[in-house]
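Engineer: Given chain G's structure and the hints, the job is docking chain B with the ligands onto it.
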Amino acid sequence: MAEKDSGNSINRRQFLKASGAASAIAGSAGLAMFGYAAGIDPRSYQGYQSFEGADQNFNREKWTVDEPTYQKVGKGIRPDARTEVIFDRRGYMMRAYKPGCTIDDMNDPLKSYYKENPRDFELDVLGIEEIMPKFRQDSVKYRDQFRLANAFSHAMSAVSPRHDSRPPGEADFPRARRGGTPPEPVSLKDPEMTSKLIKKVSHQFGSTLVGIAKLNPDWVYLHTHRGRGFDVDTPLEVPKHWEYAIAVGVPMSWDSMYANPNYGTSEDAYSRARIIAYRLASFIKQLGYAARPHVPGNSYDIMVPPILVDAGLGEQGRHSVVITPELGCNFRASIVTTNIPMKTDKPIDIGVQDFCSYCMICADNCPSNSITREGRIDVRGYRRWEIDKATCLNFWNSNLGPMGCRLCIASCPYTRKANWLHKTAFKVSLNDPTGLSDKALTSLQKSFYDAPDPQKYYIPSLGGENASYREPPWWLRSEDFIEF
Amino acid sequence: MQFFNSGFFWFIEGILLCIVIISFSSWMKEKNIPMPLWKWAAFIIWILFVGFTIAFIGTSFGENEANAAVKGGILFGIISIISGAGLWRLIITGARRA
Ligand code: SF4
Ligand code: SF4
Numbered sequence: 001m002a003e004k005d006s007g008n009s010i011n012r013r014q015f016l017k018a019s020g021a022a023s024a025i026a027g028s029a030g031l032a033m034f035g036y037a038a039g040i041d042p043r044s045y046q047g048y049q050s051f052e053g054a055d056q057n058f059n060r061e062k063w064t065v066d067e068p069t070y071q072k073v074g075k076g077i078r079p080d081a082r083t084e085v086i087f088d089r090r091g092y093m094m095r096a097y098k099p100g101c102t103i104d105d106m107n108d109p110l111k112s113y114y115k116e117n118p119r120d121f122e123l124d125v126l127g128i129e130e131i132m133p134k135f136r137q138d139s140v141k142y143r144d145q146f147r148l149a150n151a152f153s154h155a156m157s158a159v160s161p162r163h164d165s166r167p168p169g170e171a172d173f174p175r176a177r178r179g180g181t182p183p184e185p186v187s188l189k190d191p192e193m194t195s196k197l198i199k200k201v202s203h204q205f206g207s208t209l210v211g212i213a214k215l216n217p218d219w220v221y222l223h224t225h226r227g228r229g230f231d232v233d234t235p236l237e238v239p240k241h242w243e244y245a246i247a248v249g250v251p252m253s254w255d256s257m258y259a260n261p262n263y264g265t266s267e268d269a270y271s272r273a274r275i276i277a278y279r280l281a282s283f284i285k286q287l288g289y290a291a292r293p294h295v296p297g298n299s300y301d302i303m304v305p306p307i308l309v310d311a312g313l314g315e316q317g318r319h320s321v322v323i324t325p326e327l328g329c330n331f332r333a334s335i336v337t338t339n340i341p342m343k344t345d346k347p348i349d350i351g352v353q354d355f356c357s358y359c360m361i362c363a364d365n366c367p368s369n370s371i372t373r374e375g376r377i378d379v380r381g382y383r384r385w386e387i388d389k390a391t392c393l394n395f396w397n398s399n400l401g402p403m404g405c406r407l408c409i410a411s412c413p414y415t416r417k418a419n420w421l422h423k424t425a426f427k428v429s430l431n432d433p434t435g436l437s438d439k440a441l442t443s444l445q446k447s448f449y450d451a452p453d454p455q456k457y458y459i460p461s462l463g464g465e466n467a468s469y470r471e472p473p474w475w476l477r478s479e480d481f482i483e484f
Numbered sequence: 485m486q487f488f489n490s491g492f493f494w495f496i497e498g499i500l501l502c503i504v505i506i507s508f509s510s511w512m513k514e515k516n517i518p519m520p521l522w523k524w525a526a527f528i529i530w531i532l533f534v535g536f537t538i539a540f541i542g543t544s545f546g547e548n549e550a551n552a553a554v555k556g557g558i559l560f561g562i563i564s565i566i567s568g569a570g571l572w573r574l575i576i577t578g579a580r581r582a
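Which chain is which? The protein sequence lines are G and B, in order. Once you know that position 458 of the first sequence is 458 in my numbering, the rest is easy, because the numbers rise by one and skip nothing. Once you know that position 1 of the second sequence is 485 in my numbering, the rest is easy, because the numbers rise by one and skip nothing.
Calculated directly from the structure, the hints in this document are not laboratory data. Computed from a prediction, not measured in an experiment: that's the story for all the values here. No false leads were slipped in.
Calculated cross-link-like contacts (lysine to aspartate or glutamate; reagent style EDC-like; alpha-carbon spacing at most 20 Å): (1) G:LYS446 to G:ASP364; (2) G:LYS214 to G:ASP190; (3) G:LYS111 to G:GLU122; (4) G:LYS427 to G:ASP349; (5) G:LYS115 to G:ASP105; (6) G:LYS343 to G:GLU67; (7) G:LYS17 to B:GLU497; (8) B:LYS555 to G:GLU471; (9) G:LYS346 to G:ASP66; (10) G:LYS389 to G:ASP378; (11) G:LYS17 to B:GLU514; (12) G:LYS446 to B:GLU549; (13) G:LYS75 to G:ASP218; (14) G:LYS346 to G:GLU61; (15) G:LYS214 to G:GLU237; (16) G:LYS75 to G:ASP378; (17) G:LYS214 to G:GLU243; (18) G:LYS111 to G:ASP88; (19) B:LYS555 to G:ASP450; (20) G:LYS423 to B:GLU549; (21) B:LYS555 to G:ASP453.
If we strip away everything but chain G, and leave its shape as in the complex, we get (with noise of 0.2 Å):
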């Protein structure tokens, strides 16, 4: 009986090994199968076409600062859209533009501009001199690669809200209907509740991420956008029902955003963002009060950015653009200026300005060499990250894919896909007051996510290898759907 006994414990502890050692490697390899399937999850492509507002989803309360991260260090001073907005100062300058001119031929205020600041001068005419014909003639050599990545982002731009081009004073405000008089402003209750009814109806109409502030005055263009109802030369004076910001933003696509700068399209994002904004100022001028949205590409009277800091959505990074806890730094905005009284949000500090003083991935990965190793720069009575936007522009002007580069959106750590991975790796470190798993977690990027030389990103008229960050995905592969 012993001796059974012995010999029944005997197989019940082999067993015991053997269905340990079964489910250990039963186990690991369903691990290994939830890590892939994380990986290639859809619902990892946050807030992508995603409506109701669950992908707003980080609780901004316990990071709230009264005071935004770039700092007020002086007088604000307005900026000059035409010479400062890089698309404007461009174009006039293409349009003053004569071979072997030189800053004296110019008008002002591009001459007082250029006197200031000739580099530019010499840059904005190396684009026109040397870029964009390169461009034009490998554009006819390789234009075939990048037709789908093209023709997805002019789809993407096809529809658009009609767009107002009438001065403030006549667009913003409710219009009489049938004859009748325009809605009067109806008595709302509370502030605060008016601010969750429009952050809700701005979710219901497709915004990923919105965040309400006061309007700071100092971010109105002092010389305006031409299209916007204002006579481009005469300073604009702020109107007086521009008294709060709502920034909405919505990402672009996640998988072409990584195959930057020729598969990936700002269009996307671009266009929902405008139709949000167009919907959102005409449900508030239905309720009686004015309304403006100020829409990207070029339609904007004021400086997107430092209100989105403003309004709690994020911070700007090195690279200059804002990153939010949600979509890292891959989303687009617009913003409605609007008289209606709500209760506005507070700024945010989720640690981007000492992760970005050592990261500078993005300036690793910048084709032109556009964003600064350095530190912040007072700009305008403000210091701030400050990129160089005229090589910014000349690479943008190389590309053969859809317009823009975006690669320091792409390779910067806070773009990554919502998986448990970057999700843990982002409250790691946002949880950590040490800094120590910043530093880890930007050597972990730098040295398991590699990406091309940056010179490879440059068309081959200009020494490189039309690269992209990363592969595109199989819909944008031309070469597999169309005979060259």
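Structural biologist: The following block gives chain B with the ligands in isolation, referenced to the frame of chain G:
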């Protein structure tokens, strides 16, 4: 693939982990190796780290980040092996001869 993101998947993983722990406990008894609480804690932490390593490799492959999968797999794999060997030496200290 949705199964691996479901609650049921974690239920099965939990059962498998329990079997591993029971089996390990029985093996330690068979070898007359005492298992105080601290050894169990170290063992569980090690298992979690190994689990993290495996899931990291899977996620990186899923995200099309083969380089991260390989480099992370090697780095975290080596850490797992070395820490596993160290842990084993700690665990067998105090083993009584049968
Ligand atoms: S968009 Fe491209 S060129 Fe411009 S700063 Fe970013 S990485 Fe550099
Ligand atoms: S890549 Fe690094 S340095 Fe650049 S913005 Fe992102 S976190 Fe900051």
